[in-house]
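Enquirer: In case you want the letters, here they are:
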Amino acid sequence: MGIKWDEFFITGDPLILGSQIAIVLTMLGIVAGLTYLKRWKWLWREWLTTVDHKRIGIMYIISAVLMFFRGGMDGLLMKAQTSRPEMEFLTAQHYNEIFTTHGVIMILFMAMPFLIGLMNVVIPLQIGARDVAFPQLNALSFWLFFSGAMLFNVSFVIGGSPDAGWTSYFPLAGKEFSPGIGNNYYAVALQIAGIGTLLSGINFVVTILKMRTKGMTLMRMPMFSWTTLVTSIIIVAAFPIFTVALGLMTFDRLYGTHFFTLSGGGLDMLWANLFWLWGHPEVYIVALPAFGIFSEVIATFSRKSLFGYKSMVVSIVGIALLSMLVWVHHFYTMGAGAAVNSVFSITTMLIAVPTGVKMFNWLFTMRHGRIRTTTAMLWALAFVPCFVIGGVTGVMLAMGAADYQYHNTLFLVAHFHYVLIPGVVFAVFAGLYYWWPKMFGFLLNERLGKWHFWLFVIGFNVTFMPMFFLGLKGAVRRSYTFSVESGFSNLFLVSALGSVILAAGFAVFCYNIYWSLRHADRNITGDPWHARTLEWATASPVQPYNFAKLPVVDKLDAFWHMKKSDSPELTLQQTEIEEIHMPNNSGLPFVMGIIFGIAGFLLVFEWHLAAAVAAIGIFACLIVRSFDYNDGYHIHKAEVEQTEQAWRLREGEVNRYVG
Amino acid sequence: MNILGFWIFLGAEIVLFATLFGVYGVLYERYAGGPTHQDIIMIREVMIQTMLLLTSSFTCGVAIHEMRRGSLKGLLTWLVITLLLGAGFLYMEINEFMHYVHEGATMQTSAFLSSFFVLLGTHGLHVTFGILWAIMVIIQLLQRGLTPVTARKTFIIGLYWHFLDVVWIFIFTFVYLKGMVS
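Just so you know, the protein sequences line up as chains R and L, in that order.
Residues in the first sequence are numbered from 1 upward in steps of one, following the numbering used here.
Residues in the second sequence are numbered from 1 upward in steps of one, following the numbering used here.
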């Protein structure tokens, strides 16, 4: 219990003081707003206890957008600090903390939840199911992610941020060199969120293997479902490694073991190996679903089936296998020797092959297509050239010998931003503009969307293109400042200006959500994009039970062919309406998330006894769950009929009435 | 569906233990001047632990067999025997650990001992959790008898128990036997 109370809150930095005040005011504002609008019960019933995959998906996406804001602020602070040589805006320590949280938050608390959110909303609809395999587990996944994210986010005001980089390499991240509690936050918060992700992975594997609608064989699944299946398998295969690595880190930091320490026989590079054994597959965990989103968007807005469906599937599986075999390329300079580095150089370059196949498939999908340049499609179009730059520089980095020059420079930083921003961020924006009407029943404004798109894409290129050249000139990453004599000043300034444009793009995006929420046309059909897959065969926003009758599928892009042939599948007969079984809401996942958060917080501060007491609460919840035989409820025929009539009789859906 | 989900969970558990074995494989000769395998291992006690756990896996199989025959009484009897054997294993393992610590071989002594204790401790925690979980299932069997739901739950805890046994076989081989000859 050796915590010094005077160090509990971080004090003395005006930036952090400002954040603390802002956090307190926001919290007060939320509480006051909910009380004033009498929305507490609504919040609890409709959202906190929900097990509906669509609502869980929306909560994931909201959290991801908030985390995008936090991570983006970190990025802007870094860019401000390096905009001029010898700037004294942030101290070295503060800069270390900020690049650490920026990395962790953007990868684990923005990219992943954003994609998992879209998966949650779309996958059951796309495979023609009424929910995921384990709805309550799904809610638990979300609340574990959420409590992990919140725990990580309080670090900078309570106790101190982690500051050893998002990779937290040892020995720096060990107790010896980072004696504060900042890195405990890293170990514990990521562990909690990671368990949630693992459970999500299991859930989606079972959902996709077991709950596809009649006739939907694996090879008739939409590409986003395929990528989600393969991603979920990678999650199951890779996340336990991270669980172990973080566990061992916790032991080293809290209980004085010698896994990664310099003394006592520990091996610091063991951490780097374990981290990247998870970390590299993690790159594909975020990239593959993004590829799936682009596949859907490009096929829909080119009005063609996806070109080379089978080769797409093969290349996804190939990428998944290769993703497990390349981890050493993150530390060629460890000195494993020429033979080892050569093997990993080759496996790394091999990944370019299936990725290239996918690129050509997308291009050929567009060829001869009747392309509509909606905002979603624009993101996909911009993705192709930007991502190719990221990919080609990736092959440059893959060459072990050359990497000795690029290692630890801004060239690398520019490379992975060119992979992750077009590959993931463009994808989630494309997906959000594309599936937004499915979630909320109105479109995001296309005009504002295009402003968002152009500002963001231009800002992105202006920010990160100069960093390639800075890196080649020798500017090292994670350095909080540089001298005038280095000659880096101009490129750094351009990069900083680019980040302002990037931020303006994000601001337009937020304004777009606000504007559309207030003013967008609510009178849209279930299929506003003339799309191809089953999620568009039902209402927008989707009714709680998804489908009144589960669609039957006989080929790829089934919904498209149903529309063309005016299939009877699209019409609902009165006799086909049945009672629908639904799972009950449950407060347990939310409560477990909170207890995990509290136990984690106590563990971060090394209050072991209190943490153990809190952990008993987790077991109590598990026992309650084990004895819960509540079997859900049924939606009655009349209610289903009413709901179905309400959307099917609307204009534009005339031939899909309840007959 | 639940059973498939559990198999996939076991897949994740295999990765988890494989990682711990990998870590142990990297660190197992890094004694840092502390005790070595030969200095501490009590192979006779470990042998008895192994027999207890292997037998418990057998009795667990008998329990599931009894469940398939529809005999609740047989199921409960063999399940309780399984848990008693598991508890015996756990008791001996805790004693073994206390003995090591008493000898001055703690988790903080060397990288070898860190990986040793964490690998074995993770397995031991799994056994503890399995026993508590099985007790919950037994209570439900007593309350509700054999229903499709309780039968499924029993089958899943059976899978879990066998899995722990398989892990122990690897621990016994790669940690204890290999340690004796290295």
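These are computed hints drawn from the structure, not numbers from a lab.
Here the structure is a predicted model, which means the values were calculated and not measured.
Warning: the hint list may mix true and false statements.
Stated by the list, open to error - So the derived list for chain R, only partly shown, Cβ under 8 Å to chain L, looks like this:
1. Met87
2. Leu90
3. Ile202
To be verified - Below, a sample of chain L positions facing chain R; criterion: calculated Cβ distance under 8 Å:
4. Ile8
5. Ser71
6. Ser115
7. Leu177
8. Gly179
Think of the CB as a built atom: it goes at the ideal place given N, C-alpha and C, for glycine as much as any other residue.
Enquirer: Against each hint, give a clear statement of whether it holds in the structure.
Expert: Evaluation of the provided hints:
no., hint, in the structure
1, Met87, "violated (42 Å)"
2, Leu90, "violated (37 Å)"
3, Ile202, "holds (5 Å)"
4, Ile8, "holds (5 Å)"
5, Ser71, "violated (23 Å)"
6, Ser115, "holds (7 Å)"
7, Leu177, "violated (22 Å)"
8, Gly179, "violated (16 Å)"
Going through the hint list in order, the structure does not satisfy hints 1, 2, 5, 7, 8.
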